[in-house]
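Chains A and B, in that order, give the protein sequences.
The numbering of the first sequence is our numbering, which starts it at 647 and goes up by one.
The numbering of the second sequence is our numbering, which starts it at 647 and goes up by one.
Some clues are possibly wrong.
No copy labels: a pair is met if it fits in one copy or bridges any two.
Stated by the list, open to error - Only pairs whose alpha carbons sit at most 25 angstroms apart, straight line, appear in this in silico DMTMM-like list of lysine to aspartate or glutamate:
hint	residue 1	residue 2
1	Lys792	Asp686
2	Lys792	Asp669
3	Lys792	Asp920
4	Lys792	Asp927
Keep in mind the hints are simulated off the structure, nothing from the lab.
All values reported here derive from a predicted model rather than from experimental measurement.
Protein chains: 2
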Amino acid sequence: VTVSEVGEFGVIDRVIDRTRQRDVVLLGPGDDAAVVAANDGRVVASTDMFVEGRHFRRDWSSAHDVGRKAAAASIADITAMGAVPTGLLVGLACPADTPLDWTDGLAEGLDEECRPLGASVVGGDLSRDDHITISVTALGDLQRRKPVTRAGAAAGQVVALAGRLGWSAAGWTVLTRGFRSPRALVEAHLRPSPPYGAGPAAALAGATAMIDVSDGLLADLGHVATASGVAIDVAGAALDVPRSMADAAQALGVDAYRWVLTGGEDHALAATFDAAAALPDGWTVIGRVSAGSGVTVDGEPYDGPSGFDHFAG
Amino acid sequence: VTVSEVGEFGVIDRVIDRTRQRDVVLLGPGDDAAVVAANDGRVVASTDMFVEGRHFRRDWSSAHDVGRKAAAASIADITAMGAVPTGLLVGLACPADTPLDWTDGLAEGLDEECRPLGASVVGGDLSRDDHITISVTALGDLQRRKPVTRAGAAAGQVVALAGRLGWSAAGWTVLTRGFRSPRALVEAHLRPSPPYGAGPAAALAGATAMIDVSDGLLADLGHVATASGVAIDVAGAALDVPRSMADAAQALGVDAYRWVLTGGEDHALAATFDAAAALPDGWTVIGRVSAGSGVTVDGEPYDGPSGFDHFAG
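Only chain A is shown next, with the shape it has when bound in the complex:
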């Protein structure tokens, strides 16, 4: 059974059936717009696009995987401000012959990513296209905290990391070479596990700047350095290269550090803190902030592309 056989409104009804409205939703899907609680009088919002063939491949990712990953990217942006996610709005453009199983799986994956966070898919839009494009807008609640922007880092502070680096990039390289293992790397690419709770925890612990690592650690620390008007140096030895990643890199003839330093999509969080701050659980110091500009690794410029530009190359 395909999308065109049940029609636009049939698909929307099935998506609504597969998603749950949780506490902060005052009016869920099915009307012209949703209404979501914004208890402290502000709403945090971020949007991301996912294009078939660029952000995902249907032969690699199940619909459920795509739903989880698309939700994860937007939710991670919300947590990087120190906020908790409340609602997602999802635009879907897809071919008329898209199986209903696929749109069902997408809805279930989106809902599954939201569930442990108390967030909900509150609205969406469906249109037709010759391939699948998904937009996800996430809304969030700062819970009376100040947003943690990219601009608050200051000389003398430490740079800390929560979550994993390079796993998704390693999994992508494995898949592009035609392999399906190591599974842990491939699964990290298909279904990231961002450290969502680490964002609000960092805000509570006094993080001075924070960013979702989606373009790659060096590129994203570069955004913090630019926005804050500081220099950042990363201690290479502080970055974890797990054995499975090192082995895969050797087998594939690539440099595992490049995955770790430049790979995005794991949605780790990087933040800066006063040197005396007690870091919350899950955060590790990986570098230092000083006067100046730019990002270095062990005091040296990194020799290679530092992150992902959708229009580069």
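Knowing the structure of chain A, use the given hints to seat chain B on it.
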């Protein structure tokens, strides 16, 4: 100069330069997420997708037109709840050879539609695709009012309309037949003029149900009838068919009433009110609510497709 020549971040910088952050924006574009005021502790949100070749054609619409129209569709959904728009988040996927003039024009069109309303483009995402797809998520403020849903219509109430019907559909027909005039119809298709203020005004005047007419009057009143568990009858004589539209219909050999009854994209608002209510300026009674189900015109079922389904045909 194309998008790929300045890169992802270059385009984003240009969009930021071309959009203004107005009062309700607490943190605008350039960070992981935006922060927008939600003064009454709630946020209204709606999302729409615009796919090149389906929702717009670059040979018919300028980039500026596309920006205005894409903004209008999401903003109209916000006003249909009785809310005022505050912020837009815009996802753009486009080919690497998209001219920078086009993305500049899009940003300017989005901002122009927001300006008189006090709303702002607060965030976005840019990705690559083989054609242009735009997602627009609008946020809004209910200003302490109850949201006006589709579900509050009751027998004995009147149905009223604000804004125009059929103009966009007529303009589309004109364009598909290879003509560029009557200009008023063509321009209505390229740049809708939704009656934004009529939504909050209707809410203040006690509207019991309201909907943005985006699928066509009969289809959208059908949504109200279903959600409210009522029947709706439209008085054909109450619907305006202006002379230019009647003339164009005759010249093209089509039925102007079909444009009026089933055309979307003008983003008129339809609402129900108690029969004794004083309607705000700009609202006209076009029908009545009674017990039962379904939508009729002058007491008869309408003979023809009642609206637009992206997957029909």
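Each hint tested on the structure:
Within a single copy, Lys792 and Asp686 get their C-alpha atoms as close as 11 angstroms, and across copies as close as 19 angstroms, so both meet the 25 angstroms cut-off. In this assembly of identical chains, Lys792 and Asp669 lie within 25 angstroms of each other by CA distance both inside one copy and across copies; the values are 23 angstroms within and 18 angstroms between. For the homomeric pair Lys792 and Asp920, the shortest alpha-carbon distance inside one copy (16 angstroms) is at most 25 angstroms, but the shortest distance between copies (45 angstroms) is not. In the homo-oligomer, the alpha carbons of Lys792 and Asp927 lie at most 25 angstroms apart inside one protomer (21 angstroms), although the nearest pairing across protomers, at 42 angstroms, exceeds that limit.
Taken one by one, the earlier hints all hold for this structure without exception.
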